[in-house]
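Hey, can you work out the whole structure from these sequences and the hints?
If you read the protein sequences in the order shown, they are chains A and B. First residue of the first sequence? That's 1 in this note's numbering, and the numbers climb one at a time after it. First residue of the second sequence? That's 1 in this note's numbering, and the numbers climb one at a time after it.
Hints are computed from structural coordinates only; laboratory data are not their basis. Even glycine gets a Cβ: it sits at the ideal position worked out from N, Cα and C. A few of these clues could be false.
Said to hold, decoys possible - Here are some of the chain A residues that sit facing chain B, going by a computed Cβ distance under 10 Å:
id: 1; residue: ALA122
id: 2; residue: PRO162
id: 3; residue: GLN165
id: 4; residue: GLY168
id: 5; residue: GLU171
id: 6; residue: ILE173
id: 7; residue: THR177
id: 8; residue: GLY182
id: 9; residue: VAL185
id: 10; residue: ARG188
id: 11; residue: PRO192
id: 12; residue: LEU198
id: 13; residue: THR199
id: 14; residue: LYS264
To be verified - No more than 30 Å apart at the CA atoms, straight line, and that leaves these computed lysine-lysine pairs for DSS-like:
id: 15; chain 1: B; residue 1: LYS220; chain 2: B; residue 2: LYS265
id: 16; chain 1: A; residue 1: LYS195; chain 2: B; residue 2: LYS131
id: 17; chain 1: B; residue 1: LYS265; chain 2: B; residue 2: LYS340
id: 18; chain 1: B; residue 1: LYS110; chain 2: A; residue 2: LYS195
id: 19; chain 1: A; residue 1: LYS264; chain 2: A; residue 2: LYS8
id: 20; chain 1: B; residue 1: LYS110; chain 2: B; residue 2: LYS122
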Amino acid sequence: MRARAPEKPKTPAAFLLMALAAVWMALVIVLPLVNVLAEAFKQGVQPYLSAIVQPDALSAIRLTLTVAAIAVPLNAVFGIAAAWCVTRFDFAGKGLLLSVLDLPFTISPVISGMVWVLLFGAHGWFASVLEASNIKIIYALPGLVIATILVTLPFVARELIPLMQDQGTDEEIAAVTLGASGWDVFFRVTLPNIKWALTYGVLLCTARAMGEFGAVSVVSGHIRGLTNTLPLHIEVLYNEYDSVGAFGAATLLAGLALVTLVLKTLLEWRFGDELAANRRH
Amino acid sequence: MSLVVENITKRFSDFAALNDVSFEAQPGEFLALLGPSGSGKTTLLRLLAGLDRPDTGRIDFDGLDYLTLSARDRRVGMVFQSYALFRHMTVAQNIAFGLNVRASKDRPSKAEIQATVQRLLKLIQLEDLGKRYPSQLSGGQRQRVALARALAINPRILLLDEPFGALDALVRKDLRRWLRRIHDETGVTTLFVTHDQEEALDLADRVVVLKDGQIEQIGKPLELYRHPQSAFVFDFLGTSNQVPASLSDGVADFGGFSAPVVSPKALSGAQTVRFRPFDTHLLREGPGFEAKVLSLLPAGANLRLELQSPTGQVFETQHAHDSEASDLCLNDTVYLRPSKVYAF
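The structure is reproduced here in structure tokens:
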């Protein structure tokens, strides 16, 4: 059931609240964004362009995209599997699984990074095994990927679970009785029914994966041009008082965020009924 | 091609959903599974479709051991109360689904599938709506599409789970007639789950009455109505008035007046007997059960009366509009005499 449409504000109090909200938004969102642009272009377009095409920046962009390109599909697959299990079967520990699924939302990203260092770091549980087989996880790409996966784990599953719960299993059962294989049921019935919610979840997951700082910072080691993702690259430049470089790189991240926002809004506008965000009343 | 269900038992933890259920359906028969909610009728349907497995028992179809076949291979057409149409497919795509998912060696050609879809669209009288999506159809139309989709796979049996449960009364009655016609045209053995006795009696060749996971009675609608085997069946099939009586030699004596008894067994002595609203006479003078007229309402071709005895018991009776009852007014005192009673 969709909630009743809100009324247009009529009373002075309503206008006042609206104005307050607008001013607050301007202060905490628009102003910083404008500031990012202002700082980035402070010395003109040329320094800005050279800041974002310097090798370290390009490598940071490449690394960020690589991490996202690995972490997001894995989390999409995991999210679908988890949502499928939770909504299609009753099993012991279902409640526990749902709670654990929310853990990455509630614990600090620093912890999400730290656990991997404790497991795979130089003094971690698996240190000897990793050293013997010459596999590097911490301060390398695998570490960045698993830290990102942990932080972005719930996005897809959380988006799919309410929708799949709502849609029920009748269509899938009908498909089976009509002779469809498990494969056919998934690709012809389940997946088409969840495709927009899945897209939405993947979008949020991607945005978070590319913007993640805390967890990635712990496992990265901040090796320039090697293990610095875009957010880490920005921090390094900022700490070196290279404000044009830092804010220049920041415009890229902010740009990514804006693209995400536009896509997200488009999805919500076009397929609102199928998205969890609109049905959590 | 007959369906044989033998000694089926199904338990969910410590609750026996079905307890030693056996029945047969003849080729082309239209069978209703009738019972209140919790009687096990939907469980039975799920077992037949292969969505669940019985704990013990046998399900055979035309010599085929159904329990060795998966739901996918049973070729059972299933129609749900919720329609369960594929929401992202058009009506035509929905109907074609069962044919499109067949392994390529068994799959009919595109043209054949197209022809089947057209033939079924015509059968369900929605020829022009093949390109619509389920959300653009009314409830009754959706249920017709669901039926066409089930028929497309040329099912061995058709299973319908309260198919009209979500529809309003008028559409329901219409679809009922239509379903019967489709059944007679296609000749598919059909099992139909319902809790609506009127629907079951109206549609089915035979009715299986279920109660608490067990079969109470199986019979043709008229047989069931004329010779109910238990108080449950009698009460479930229509309004039932109950009074104490003394039985002997097939006659119920109420002290001063009596009525013939219909019963599956020879009963005597003090018993509770039951009678239908229309098996009654209303008289201005006794003997009879004294009662006051509580309400007088039209019920189709009849007049429906509610009467209250001095002890507070309420009787429901029905009479023709031009009978003695039509002269009665509210609060009149009348004497009620059953013309036929049932005892179990």
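We went through each hint and held it up to the structure:
Interface restraint check: ALA122/A against chain B, minimum CB-CB distance 52 Å, threshold 10 Å, status violated. The beta carbon of PRO162/A is not positioned within 10 Å of any beta carbon in chain B (closest approach about 17 Å), and the interface hint is therefore violated. For the restraint placing GLN165/A at the interface with chain B, the shortest Cβ-Cβ distance is roughly 14 Å, beyond the 10 Å limit, so the hint is violated. At a threshold of 10 Å, the smallest CB-CB gap from GLY168/A to chain B is about 7 Å, leaving the interface hint in force.
For GLU171/A, the interface hint holds, since its Cβ comes within 10 Å of a Cβ in chain B; the closest pair sits about 5 Å apart. Because the closest C-beta pair between ILE173/A and chain B is about 6 Å apart, less than 10 Å, the hint holds. Annotation: interface hint on THR177/A holds; nearest CB of chain B at approximately 4 Å, less than 10 Å. Annotation: interface hint on GLY182/A holds; nearest CB of chain B at approximately 9 Å, less than 10 Å.
Look at VAL185/A: its Cβ gets to within about 9 Å of chain B, closer than 10 Å, so that hint holds up. A least Cβ separation of about 7 Å between ARG188/A and chain B falls short of the 10 Å threshold, and the interface hint therefore holds. At about 4 Å, the closest approach between the beta carbon of PRO192/A and any beta carbon in chain B falls short of 10 Å, and the interface hint on this residue holds. Hint status for LEU198/A relative to chain B: violated, with the closest Cβ pair at about 13 Å, above 10 Å.
For THR199/A, the interface hint is violated, since its Cβ never comes within 10 Å of a Cβ in chain B; the closest pair sits about 14 Å apart. At a threshold of 10 Å, the smallest CB-CB gap from LYS264/A to chain B is about 22 Å, leaving the interface hint violated. Only pairs whose Cα atoms come within 30 Å are accepted, and LYS220/B paired with LYS265/B is accepted, the gap being roughly 20 Å. Restraint check: the Cα-Cα separation between LYS195/A and LYS131/B comes to about 21 Å, which is no more than 30 Å; the hinted pair holds.
The straight-line distance between the Cα atoms of LYS265/B and LYS340/B is roughly 16 Å, inside the 30 Å bound, and the hint therefore holds. For the proposed pair LYS110/B and LYS195/A, the alpha carbon gap of about 27 Å is at most 30 Å, so the pair holds. For the suggested pair LYS264/A and LYS8/A, the alpha carbons sit about 25 Å apart, so the restraint of at most 30 Å is met. Straight-line distance between C-alpha atoms of LYS110/B and LYS122/B comes to about 18 Å, which keeps the hinted pair within the 30 Å bound.
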